[in-house]
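Student: In order, the protein sequences belong to chains A and G. Heads up: the first sequence begins at 466 in my numbering, then just goes up one per residue. Heads up: the second sequence begins at 18 in my numbering, then just goes up one per residue.
Please note that the accuracy of each hint is not assured.
Partial list, computed: chain G residues near chain A (C-beta under 10 Å) [stated by the list, open to error]:
id, residue
1, Ile21
2, Gln23
3, Gly27
4, Val30
5, Tyr42
6, Phe64
7, Gly69
8, Lys87
9, Lys90
10, Leu101
11, Ala110
12, Asn120
13, Leu122
14, Ile123
15, Gly125
16, Gly127
If you are wondering where the hints come from, they were derived from the structure by calculation, not from laboratory data. Yeah, the Cβ is synthetic: ideal placement off N, Cα and C, and Gly gets one too.
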Amino acid sequence: EPEVTQTPSHQVTQMGQEVILRCVPISNHLYFYWYRQILGQKVEFLVSFYNNEISEKSEIFDDQFSVERPDGSNFTLKIRSTKLEDSAMYFCASTQPPGQGETQYFGPGTRLLVL
Amino acid sequence: AQKITQTQPGMFVQEKEAVTLDCTYDTSDPSYGLFWYKQPSSGEMIFLIYQGSYDQQNATEGRYSLNFQKARKSANLVISASQLGDSAMYFCAMREVYGGATNKLIFGTGTLLAVQP
């Protein structure tokens, strides 16, 4: 069964460093998302991406964040200069267009720890 | 504004019994979808079940069923015949659909379910 994959599974970084989180969405999906979950809290939307551009972003998604689909399969989230409060689990998700399947399938997550 | 409320922070259930996890939602959009996800201690988000706002029947997937009461704006998850492996955090989520565009998921705060032998 097709699945969303994410790398790395864990990342430890120093405050101020740049990190890139990688995702490979399900191949026939067209909408892509990043969410984050701070430890013990609920899952929060960061950004959605369609047709090679951001379709929506939350107030969390400030100038330190960027997303890219560098090729036909990868979808990346870059945090330019990490802060302590960026420590969280980051989930990538993907879905088909409306009318072709409504479910957002999540990857296993990347657990980011900023020291 | 969209909102999902899960009022049960934690629940216990005996193995083999059924359990209902509550979820209420608020939206002004007539077209929306409701989801339940399971998050075991390993952290991944596992899709369980989906209910569309226009679906006439309550959704079922194996031991999972969704008790959808549109007038009450509730979408409770029922797990029948609980198993030890059902112990996990369960999140209710909603997505509004604007003009055909797929929108973000809004999550509730989750319910931690513990299945006791």
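Student: Against each hint, give a clear statement of whether it holds in the structure.
Tutor: Tested hints:
Checking Ile21 (chain G) against chain A: minimum C-beta separation of about 9 Å stays under 10 Å; hint holds. A least Cβ separation of about 9 Å between Gln23 (chain G) and chain A falls short of the 10 Å threshold, and the interface hint therefore holds. The closest approach between the C-beta of Gly27 (chain G) and any C-beta of chain A is roughly 13 Å, which is over the 10 Å cut-off, so the hint fails. At a threshold of 10 Å, the smallest CB-CB gap from Val30 (chain G) to chain A is about 22 Å, leaving the interface hint violated.
Interface hint at Tyr42 (chain G): violated, since its Cβ lies 14 Å from the closest Cβ of chain A, which is beyond the 10 Å cut-off. Given hint, Phe64 (chain G) at the interface with chain A, holds; its Cβ is 5 Å from that chain's nearest Cβ, closer than 10 Å. The beta carbon of Gly69 (chain G) comes within 7 Å of a beta carbon in chain A, closer than 10 Å, and the hint placing it at the interface holds. The interface hint given for Lys87 (chain G) is violated, since its Cβ lies 17 Å from the closest Cβ of chain A, which is over the 10 Å cut-off.
For the restraint placing Lys90 (chain G) at the interface with chain A, the shortest Cβ-Cβ distance is roughly 19 Å, beyond the 10 Å limit, so the hint is violated. With a cut of 10 Å, the hint placing Leu101 (chain G) at the interface with chain A is violated, because the nearest CB-to-CB distance is about 22 Å. With a least beta-carbon distance of about 8 Å to chain A, the hint placing Ala110 (chain G) at the interface is held under the 10 Å criterion. Interface hint status for Asn120 (chain G): upheld, as the beta-carbon distance to the closest one in chain A is roughly 7 Å, under 10 Å.
The closest approach between the C-beta of Leu122 (chain G) and any C-beta of chain A is roughly 6 Å, which is under the 10 Å cut-off, so the hint is satisfied. For Ile123 (chain G), the shortest C-beta to C-beta distance to chain A is roughly 7 Å, which falls under 10 Å, so the interface hint holds. Interface restraint check: Gly125 (chain G) against chain A, minimum CB-CB distance 7 Å, threshold 10 Å, status holds. Annotation: Gly127 (chain G) was flagged as interfacial toward chain A, and the flag holds, the nearest CB pair being 6 Å apart, inside 10 Å.
In the structure shown, a violation is registered for the earlier hints numbered 3, 4, 5, 8, 9, 10, in ascending order.
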